[in-house]
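Asker: The residues making up each chain are set out below.
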Amino acid sequence: MVFHYLRAINAENIKEWKIELTYKPDFIRQFFEPFVYLFPYFLYGYALLGGRYSEHLRSITGISDMVAYTFIGYLFIGFLNTACWAMGFSLRKEQWFGTLETIFVAPVPRWVYVAGMALHSTCHQGLIMLIQAVVITTFFAIVLQMSGIFVTLAVVLLMLLGLYGLGIIVAGLTIALKQWWVVSEALSTLIVVVTPIAYPLAVLPIVLRKASMFLPTTYGIIGVRHLLLGEELVVSLPTIFLRLSLILIVWLTFGMIVFLIMDRYGRRKGSLSIY
Amino acid sequence: MWVIVEEVRKSFKILLAYPAEVVFWVFSPLLMVIPLVFQGKALVGAFSSTSFGNLAGTDEFIPYVLIGAIISTYMFSAVWSMGNSFRDETYYGTLEHILSAPVRPVFILVGKGVYNSILSTSFVIVQLLICVLIFGLEITVIKILPIFLFLILLIIGLYGIGFMAAALTLMIKEAHGLLHMFEYILFLFSPIRYPVEVNPITKTISAFIPLTYALIALRGLLLNIKFNFWKNSIVLLVIDCVVVPLGLIVFHYIEKRTKSKGTLSEY
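The listed protein sequences correspond, in order, to chains A and B. Position one of the first sequence corresponds to residue 1 (my numbering), numbered consecutively onward. Position one of the second sequence corresponds to residue 1 (my numbering), numbered consecutively onward.
Please note: incorrect hints may appear among the correct ones.
To be verified - A few chain A positions that, by computed beta-carbon distances, are all more than 10 Å from chain B:
1. Tyr37
2. Leu48
3. Arg110
4. Val135
5. Gly148
6. Val193
7. Pro200
8. Leu237
9. Arg243
10. Met256
11. Arg268
Stated by the list, open to error - With beta-carbon atoms standing in for the labels, derived distance ranges:
12. Leu127/A to Pro102/B: 28 to 38 Å
13. Met129/A to Cys241/B: 41 to 51 Å
14. Phe135/B to Val105/A: 47 to 57 Å
15. Pro146/B to Gln145/A: 49 to 59 Å
16. Gly93/B to Phe31/A: 28 to 38 Å
17. Tyr53/A to Gly93/B: 51 to 61 Å
18. Thr138/A to Val114/B: 46 to 56 Å
19. Ala101/B to Thr253/A: 43 to 53 Å
20. Leu153/A to Asn54/B: 53 to 63 Å
21. Thr137/A to Asp59/B: 29 to 39 Å
22. Met213/A to Asp59/B: 26 to 36 Å
23. Gly53/B to Leu153/A: 18 to 28 Å
24. Val132/B to Val105/A: 46 to 56 Å
Source of the hints: derived by calculation from the structure; they are not laboratory data. Predicted, not measured: the structure shown is a model, and the values here were computed from it. The beta carbon of each residue, even a glycine, is placed where N, CA and C say it ideally should be.
With these hints in hand, go ahead and build the complete structure from the sequences.
Answerer: Put into structure tokens, the structure is as follows:
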């Protein structure tokens, strides 16, 4: 049974690569976009500081290099796109293609389909991030601490699994709410605001600081930045691992419950084929 | 004329079927400013910066980015909504029907442009009201007329770009990613978030983007920053005179090409 599901997940992954490679300009674009997206944040920093280094940032984080600080944050938040856009978009896209009903009657549970999308988008996003990391670190001469790379990967993995929970929630809500991108965009905007991507938790108002404690991205990014750049931590590394593990259990469970409820709701109401 | 009116009516009906979208478009540009405010606070430890003032003409970066975010609503609308307007018709399964109707497709395109202009202007008015009521932005009555003048000049130029974006979608189908990238390029090279003078490349390229002149003028009017009124309005007018006919020609050519190649119904 497990092997059967794994084959279905992989088939979904391969199908997605095939569809993406059909639209070549769009496929190539995805490898350039992260650079165009990132530079305005650097230029904004340069305009504010009149240079690359900030004394104030150093006093609150231990890092003075604005470019390195901002880059690490935005590099790993790229996985938020995996959750909110790729996984959330998956069902709506099938609906547009006219294949949603067909794949929903396939002899596998619905979550297998979403897991296939998760596998595909993780591979794709990982490849984009790897290229982005190599180019930006070379171009801006950013020196990363490579001694903790395996711990860094473990933090990223836990963050990613937590974000899968979010992706499953968005995919589920898409069945009921249809206009998926509003859900995706609203959720990702709110998470980007609360997550300490280009600023430390210390500058957030207390309410937002508390809210950020429930997000896997908060622990993922402060953990990774601590390991790669030496940012001073507000919580210890073992606490980061513990909280990330708890968050991923809660988010994945909650995500599956929302997805199953929405799936049943969609079929009972007969709204599966409604746009 | 009726075609344009009916297109606007139809588009509003579709929009009202998804009311969450309206709320999203009103608040999204304002939400985008929040990370920039926190980033600024983390980098300089205050809400004003002398370095920023040397480039932008104002030390206070929050009103600067706030106005940039509000006016970028037009950019989103022109590039994203116009670009996707025909792609959406493909997904709805209605593209062939509207393009085979006994009217010139350019009127349908203009109808979509008028709809997006009305919608974006409504969003911008609500956003400005939020800024006046919550953030204490001051707009004197005497400035309303020049503000509208620059907004109209901006809208015309951006919809010229929007016509080309719509044509692009007809040609390469899955263009939403490319449109997103184009949006990011405009973000990079226009003074939406920062003064483009910060880098010689952004400064040079920004000279060809209508948003640059509109933002300089609108910030000048709203934040009392010195700017050349006539230079900015004449440059915007010249850009409009070039971009709009070019957009219509490109759309007309690609629409004909798509029909003759028989790729209209392809996904």
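Asker: A separate judgement is required for each hint: does it hold in the structure or not?
Answerer: Hints, one by one, checked against the model:
For Tyr37/A, the shortest C-beta to C-beta distance to chain B comes to about 5 Å, within the 10 Å cut-off, and the non-interface label is violated. With a cut of 10 Å on Cβ distances, Leu48/A falls inside the contact zone with chain B, its closest approach being about 5 Å. No beta-carbon of chain B is positioned within 10 Å of the beta-carbon of Arg110/A; the least distance is around 22 Å. Every CB of chain B lies more than 10 Å from the CB of Val135/A, the least distance being 16 Å, so the non-interface label holds.
The non-interface label for Gly148/A is consistent with chain B: the shortest C-beta to C-beta separation is roughly 24 Å, beyond 10 Å. Once the 10 Å rule is applied to beta carbons, Val193/A is inconsistent with being away from chain B; the minimum gap is 5 Å. Not every CB of chain B is more than 10 Å from the CB of Pro200/A (nearest about 6 Å), against its label as outside the interface. Look at Leu237/A: its CB is around 22 Å from the nearest CB on chain B, clear of 10 Å, so calling it non-interface holds up.
Every CB of chain B is more than 10 Å from the CB of Arg243/A (nearest about 22 Å), matching its label as outside the interface. At roughly 24 Å, the least C-beta separation between Met256/A and chain B is larger than 10 Å, which holds for a residue marked as non-interface. In this structure Arg268/A is separated from chain B by more than 10 Å, as the shortest Cβ-Cβ distance comes to about 22 Å. Between Leu127/A and Pro102/B the CB atoms are about 49 Å apart, so this pair departs from the stated range of 28 to 38 Å.
Between Met129/A and Cys241/B the C-beta distance comes to about 44 Å, which sits within the given range of 41 to 51 Å. Roughly 53 Å separates the CB atoms of Phe135/B and Val105/A, a value that falls within the hinted 47 to 57 Å. Taking the beta carbon of each, Pro146/B and Gln145/A are about 54 Å apart, inside 49 to 59 Å as hinted. Separation of Gly93/B from Phe31/A is about 32 Å and conforms to the stated range, judged on CB atoms against 28 to 38 Å.
For the hinted restraint 51 to 61 Å between Tyr53/A and Gly93/B, the CB-CB distance of approximately 56 Å keeps it satisfied. The given range of 46 to 56 Å is respected by Thr138/A and Val114/B, whose C-beta atoms sit roughly 48 Å from each other. A C-beta distance of roughly 51 Å is found between Ala101/B and Thr253/A, which places it inside the suggested range of 43 to 53 Å. For the pair Leu153/A and Asn54/B, the supplied restraint of 53 to 63 Å is violated, since their beta-carbon distance comes to about 43 Å.
Distance hint check: the CB atoms of Thr137/A and Asp59/B are about 33 Å apart, consistent with the given range 29 to 39 Å. A C-beta distance of roughly 34 Å is found between Met213/A and Asp59/B, which places it inside the suggested range of 26 to 36 Å. In this structure the hint that Gly53/B and Leu153/A lie 18 to 28 Å apart at CB is violated, the actual value being about 43 Å. With their beta carbons about 54 Å apart, Val132/B and Val105/A fall inside the hinted range of 46 to 56 Å.
Of the numbered hints listed earlier, those contradicted by the structure are 1, 2, 6, 7, 12, 20 and 23.
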